[in-house]
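Number of protein chains: 2
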Amino acid sequence: MGMVTGFKAQSPWRVPVPALSIVRRIMTSNSGNLSKALPKSVRHHNRAILLRLLYPDVSMTRADLARASGLTRVAISDIVAELLGEHLLMEVGYSKSTGPGKRGRLLRINPDGRSILALDLSTPYVFRGAVLNLTGQVVAREEIPLTADGKVPLDLVGELTDSLMQRAAHPIMGIGVSSPGIVSAEGVVDDATNLGWVQTDLRGYLHEKTGLEVTVNNDANNEVLAEQQFGSGQSDLLLVHLGDGVGAGLLVSGELVTGCNRAAGEIGHVVVDPTGPQCRCGKRGCLESLISVPKLTAAMDKDPDNLASILRRAGELLGRVLTMSAGLMDIPRVAVLGDSRVVNRIFLSAMEKTMNDALATDFRRPLVVDRSALGEDAALLGACSTVVADLIEPDGTV
Amino acid sequence: MGMVTGFKAQSPWRVPVPALSIVRRIMTSNSGNLSKALPKSVRHHNRAILLRLLYPDVSMTRADLARASGLTRVAISDIVAELLGEHLLMEVGYSKSTGPGKRGRLLRINPDGRSILALDLSTPYVFRGAVLNLTGQVVAREEIPLTADGKVPLDLVGELTDSLMQRAAHPIMGIGVSSPGIVSAEGVVDDATNLGWVQTDLRGYLHEKTGLEVTVNNDANNEVLAEQQFGSGQSDLLLVHLGDGVGAGLLVSGELVTGCNRAAGEIGHVVVDPTGPQCRCGKRGCLESLISVPKLTAAMDKDPDNLASILRRAGELLGRVLTMSAGLMDIPRVAVLGDSRVVNRIFLSAMEKTMNDALATDFRRPLVVDRSALGEDAALLGACSTVVADLIEPDGTV
DNA sequence: AGTAAAAAGTTCAGTTCCCTAACAATTACG
DNA sequence: CGTAATTGTTAGGGAACTGAACTTTTTACT
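These protein sequence lines are chains A and B, in that order.
In terms of the working numbering, the first sequence has 365 at position 365, counting the first letter as 1, and numbering is strictly consecutive.
Here the working numbering runs 1000 ahead of the position in the second sequence, where the first position is 1.
Check each hint, because a few of them may be wrong.
[To be verified] Only some residues are given here: those of chain A computed to face chain B with a beta carbon under 8 Å:
1. A37
2. V42
3. N46
4. L71
5. T361
Don't read these hints as lab results, they were simulated from the structure.
Just so we're clear, the structure is a prediction, and the values are computed from it rather than from any experiment.
Glycine is no exception: its CB is placed at the ideal position from the N, C-alpha and C atoms.
Sequences are here, hints too, so could you generate the full structure?
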């Protein structure tokens, strides 16, 4: 390899060595993963890896876990002993023999090792709650109507929580909440106009009341987590919830996108047609004013002969406004959650076609647009998953 | 707290306890952070925390570092001794006294502790390279024209690397590359049509040749990393590069978004106007066919009386197609990089106004649209930052 | 049937990395 | 000048991993 031919060494650029105005890196950067690591954190991390390998219903021997995790059998035995002691794992018989050698004892998550409480405050007229086990199965349900006798919503949340706690048969791991509005990292709910909540410290209230760990997230955000954890398993996913409003949850590399104002996914009042109808938010042509479920069903009721074309146009509109986002983030799938009168084949295929027509290239696999695999329980399951995440996500401390 | 009033215990939902089709969590999920943790990883993590606190030119004493990191002075002393031994840190005098007590010794990054090689293969007609120090200052530059005597681009990359290595005055930490096209996680470049690269293992080639660590990223992706590291410091940021093509880089919570096909940011050939002009990609009305720098300058040359309106319309168009993404991800700022004949005040303010008109709500701070703080060196600086990241990002191993 | 090989899980010693506690050195202040 | 505060270091101890060796169980081969 000879010298480079024809280059100008030290050539002066137009920008004259831009003196590198190195602005100090702002410490809010990088997902806050700036906490110190302790030897203890190593254990926490490795516990999470084992639990994730087994979650939700995989059976493996210690030796399997060692191979899968890269840790030694010694370390696995130690961690497993700890997890068995905490009733998070259970032994379930012996492995099938596949050749010479001692058969290993199969381990799996003990679904009833803990109970999880989940609240869904995002449905109209009613607060819903459930007790779930570690694997996300609903063990018990409660609900409490919002119309109730002059009580404020926060008290109803308290009562719902009380009755859920009484129905939990195992140690309660934590409370997960799906709330409408903007939810801060500290669990403070803002802008939940339907509930009249402005800067309501929901996490503080529940933690104070119960002493339990409490995670609060926006409803659509939790729904996309549920879709990952209990649905498709995809780690890049956009979920759009069509309901009375329009919200979205966004997962990138398995991480929930929350945004700089914690307002990620709040797309209902983004103007998509400045000539559109007046929205209750004051602007014209918000997405919500065009394709919310009430708007579409009203249009369909009014013009029952053109159901298909109403739905097709709505699907095309939603597809059009989301196309660039799907392209920008290179997302493989958009899941839509909502009333099946609206979110049906016609709507979804119009949306899918619109997006793929605009996105198609040879380096991109076609985008899939379909209905969320989860039903009405999505928000509850998502809330549950935020609680379980403390156990199976290594990111936590280290 | 009494019993919940008016709830239906065990009420049967329309979806009859959806049997929880718990699809097994696909193991590609969650950013691949599933590697085991060892005591060694703890040290790596804590080293990174210290270096990040000091990066790029902060001076602190050991005691300062202990307070800032949460680690004890003992641990800090130990880690610092190690870093001093590796010439990554240096002592620079004593701290000012602010009260009683011994004065501490100030520590800072030793900019010349390592050299970093950066290559920018994304500019037309020429490959550019630079030697940088740890803090991202350019120490030397090289370039090599692409027009050269029948040599294939890969050989030119090799020659450029050779000459850069000769100019590195300190131990070389690694090579960072900004390449056009789609770059896989393994550093294989695909779809770089200008260079004729299809499935070209650039990282393998350079690693083989030099034995150094090599990171390869798409050019726009690296540029947004540079903008974070050496520009604004924001950890949520969209950077749009207007050049012969149109590309973007996206940062969410400080993490680069790469997408399921590694095609995140490849927005140039997303159709934004199906009635638009034919694009060389075969489709009609791709973003690139409407607002690439050549297209806009051609339009401006042809109609010199309407420069402002051409730019305004272009800015409005770009703003319109990016609005939903900014809303969906709740991004505070869009930075635009490109020729100042196009990316100027008129263009940017049209874009900014378009987006804020559509996004404005009371829970969202106004979006900022401006020019990237970095100039032509953005891609080089970004490449450099990917190399330095191994040092100052705790996420790596643990 | 007997023996060798293989695999699972455990025991033991050793390493890394952190913490707490105690100490020496330096500085300000009354 | 003595006391308190602060920095940085030394010494001892605990948590969590590894590697090597060991026991037990199971299969396979002669």
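We went through each hint and held it up to the structure:
For A:A37, the interface hint holds, since its Cβ comes within 8 Å of a Cβ in chain B; the closest pair sits about 4 Å apart. Of the supplied interface hints, the one on A:V42 holds, with its beta-carbon coming within about 4 Å of a beta-carbon of chain B, less than 8 Å. Against a cut-off of 8 Å between C-beta atoms, the interface hint on A:N46 holds, since the closest Cβ of chain B lies about 6 Å away. Below 8 Å, beta-carbon pairs count as interface contacts, and A:L71 has one with chain B at about 5 Å; its hint therefore holds.
For A:T361, the shortest C-beta to C-beta distance to chain B is roughly 6 Å, which falls under 8 Å, so the interface hint holds.
Comparing the model with each numbered hint stated earlier shows that all of them hold.
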